[in-house]
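Chains as they are written, first to last, in our numbering: chain G, 1 to 383; chain W, 384 to 537; chain A, 538 to 956.
Hints in this document: simulated from the structure, not taken from any laboratory. Among the hints, a few may not be true.
[What the hints assert, rightly or not] Here are the simulated lysine to any residue pairs, SDA-like style, with alpha carbons at most 20 Å apart: (1) A:LYS821 to G:THR48; (2) W:LYS408 to W:ALA506; (3) G:LYS16 to W:LYS396; (4) G:LYS263 to A:ASP583; (5) A:LYS708 to W:PRO503; (6) G:LYS263 to A:LYS570; (7) W:LYS435 to G:GLY35; (8) G:LYS263 to A:PRO642; (9) W:LYS439 to G:GLY35.
[As the list claims (entries may be wrong)] Cβ pair distances, simulated, as ranges: (10) A:THR712 to W:PRO491: 25 to 35 Å; (11) G:MET303 to A:ASP558: 42 to 52 Å; (12) W:GLU467 to A:ASP747: 19 to 29 Å; (13) G:MET303 to A:LYS570: 52 to 62 Å; (14) A:ASP558 to G:GLY270: 45 to 55 Å; (15) A:GLY679 to W:ARG447: 17 to 27 Å; (16) A:GLY836 to W:LYS410: 50 to 60 Å; (17) G:GLN180 to W:VAL493: 50 to 60 Å; (18) W:VAL493 to A:GLY679: 20 to 30 Å; (19) A:GLU863 to W:TYR499: 16 to 26 Å.
Note that beta-carbon positions come from the ideal geometry of N, C-alpha and C, so glycine has one too.
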Amino acid sequence: MKRMDKVGIVGFNQVKLYSDANYGRYEMIFETVRGALDSAGLKKNDITTAISCTNDYYDGRTISNCYTVEVGGGYMVDESKVEMDGAHAVLYGLMRILSGNHKLALVWGGSMPSCFPYHAARLYETDPTWERPVAYVNDITAAGFQMRAYQEKYGVSTKDIAKIAAKNRKNASKNPLTLQEAQNANITVNDVLDSEIYADPVTELMVAQPCDGVAALLLAPEKQALKITDNPVWITGVGYNQETYYLGDRDLTKSTSMELAGKMAFDAAGIKDSKKEIDLAELFEAYAHEEVIFSEALGLVDMGEGTSLNSEIDGDMPINPSGGAIGGNPPCATGIIRIIEAVKQLRGEADGYQVKGAKKAITSGQIGMCAQNNIVYVLEGGN
Amino acid sequence: MPGSWYLSNYKYKYNITHLQPFLQKLKEKKLVGLECSGCNTVYYPPRFVCGKCLVKPNRWVDIRETGRVSTFAIAYLKDPDTGEIQEKPMVLVHHDGADTASIAQLNPEVDFKDTYIGMPIKAHWVENPVGGLMDIDYYDLIKDDFKDLDLFED
Amino acid sequence: MGRQVAIVSAGFSEHASKRSDVNIVELVSEAVKDCLKNAPSVSFEDIDAFATGNMPGFEGANLPELWMTDWVGARNKPLMRVTTGGTTGGSVGIAGYYTVAAGLPGIDTVLAIAFEQQSQGDTSVGLANVAYGEVALLNHLGLTYDQVGRLLSAGAAIGVAAYQATNYMRKTKITEVDLARVVVQNRRNAAKTWWAHLKMPNLTVEQVLDTPYISFPLRYGMVCPASDGACAVLFTTEEKAKDMCDIPAYVNGVASVAHETAILGYAASGSAQIDPSEQLGAMKTSEICYHQAGISFPGKEIDYAEVYSPFPNQELMWVEKLGLFEETTAPEMYKNGVTALNGELPICCSGGVNSTNAIGASALERPAVAALQIMGKASNQVPKTVHTAIGHGWGGSLNLCTMMVMSDEPQRKPQRKLR
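This is chain G alone, in the form it adopts within the complex (with noise of 0.2 Å):
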């Protein structure tokens, strides 16, 4: 299989997540984009191509996207926007870049979900026929199907994925740009198994929080990458995927979008066995079991043991060392912080949370009821 070129990472910001920022969204959106270029030693003139990652539902306005270009950094430049999870506006410069016409690529997204409650947007992602007329359903209750399904399949109990959940809770602790509310360093797995009940068997705990925050990303080729920063992190792989809509099309109980996503950016990156080249993984789970689920599909534990699996930070493959989603989650923010924190990661930068001895990384993206769409990146550690 083909092998891809390389695309290096060489700036990136994040603004500290709120549930209800009291500053507007075209604040948060420049200070970060001015944050990522200042952390990289460029300028606005440098910039070769922007791309942005905003959803009109979440944001409650039509072409939610038009009025940020300018303080996104793109004005009067070749720019576009994506309106998926921030991974995938990743992906889209990540091909400008590969296309050669490009030098550097800015990319960011986000969005306030203080200002609309995101759940209840959520709704007018399904079938305007079948399923809106079903009042009820929201990606909450999908997610309680899929929990349910995997339980039962693998005779899983709440309590280990209630662990997920808390070791999330644990990290994001460490972690000072998480959200307030989701740090919790002395969490038990009763204090998940007794919060409240949203889609039984999903309690509150265990569902990732939309949170107002932006995050932003700087990208060039390689030649471009090693004049602008000593300690580029490198794209080596990257692979997306959709599956089909209904969920009673799916099996539920693995993820057959992220296997493909995965295997499309393994066979890129050049790796045979992930359980033993990948030092660690930042993966988006909207819910705790998503992480279980996913750790599966991408090879990193045999299918069914995956709750068996030592996923703390010092432990055999640690699995989101930043507190993951569970620690906050932006809607179209939250892809960019997960590749954000795999690059803090392999430069080793992590203070208090940091996987020691990281070379490989993978971080995913998903979009989508039960992760529709899933995106996933290999990442490579400095020189």
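Given chain G, put chains W and A in place with the hints provided.
Same frame as chain G, now just chains W and A:
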């Protein structure tokens, strides 16, 4: 199948600290604009970020009350109560000293059919400005000085 | 790195003001089927990835490409969504180009799909919502509802076009008759295009001028319709293109640049574009595209153009701004037949956006028709051979211009091997 897209539950957040000095000056019947020290563009009404330089403009400058019409259009609106078609002129005005055009309306007694691009106008304040965008009620026409000059037509 | 990309096929669905016989996904599958019908050697297994887009606010469905998965053959395949408001179609085409040009392993053939079914939602609500947040802020700062009402009516795309028209008409000293002439040419061309919406083979200038004003200086007869429709375009690599069609349309330049917002800047600021017909964004877009495509004299080297003009004054403005004619000479060109079907530089022979406007799809239909003209398979094919053509898109609130330059000869030089 019926359905609706609820608009009333959204809560928009905007930061208007950069507008506060501008609104203050409106109360004193003075106009100010915000200039970007990177490219010397004067924004009126003040803008949060200068797109060309990606920095916050930080210099306040004086804007004159006079200006010119940069463009105009006439909207034909149907009155919801009476059903008759009304003509409502809209203009974009370019104040002297600013580099932006802002939307406004002309003196309602003026016959807007005589509007032309480049027509000089002057702001007409309300009696008691409160520090809001309606403090400029409308724009008056002022005398165009070039009309009496003899210029050859080719 | 980077590969030459070619368009090998394009397909359309029937456009009408109300396609109540299909829902969104069925409408899109019509366009996909038409596209594959025009490339008989390609089947669903040959498509490696997808790029889709539309304006989500109009149908009340968020992320409809998730729903479309099975209807377009995207099950278990890579798919990316792009939306940029009115120019969504153009951006989808550009995304399709980049997906192939990037050379990701295993992705050689990409289907780009753009659509809109405006009859499903309320267009005016969707359009008014663009500035909803800004208007709420203006309200807070003291603007009354009466003023706000005028802003919304003269602030949507029709208002923007009216401002452009006033400035343009002053520059060129034209009258409404010139605008009506453009409309007549477009609608008569649309009558020969099978998928167009407003087909008027016998339209005259007097009929156009006999309608009331909607926003001076534009009349009802000059305005584009609101259509339901979809468009699909197939992109692939240079090597595979030769097997899929006789004359592939090689994509040599793409760009999408925006200048200032049209009237209402964000957070209550005005627009720094004093003359709305100035359009620096369009000029920069065309500069980037021509540079990539190696075109130095667009007026001489381009044989066919599809520009995005829902209103006739825009067609006159774009052909000048995109470098096809000298400034202020466009109305003369239309009068003298230079832009007609058998003229030296035919423009919008499919009827353009003036005759068919499904907002999400129309900016993709422009490069699609231009590509079909190069391939020789367009519905209203021009008599002369088309070697180089452009397809252009424009967005209302932000003056974002997308552009794609295509030719029957590839421009990208093969990469040298490093070993």
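Q) So which of the earlier hints does this model not fit? A) 6, 13
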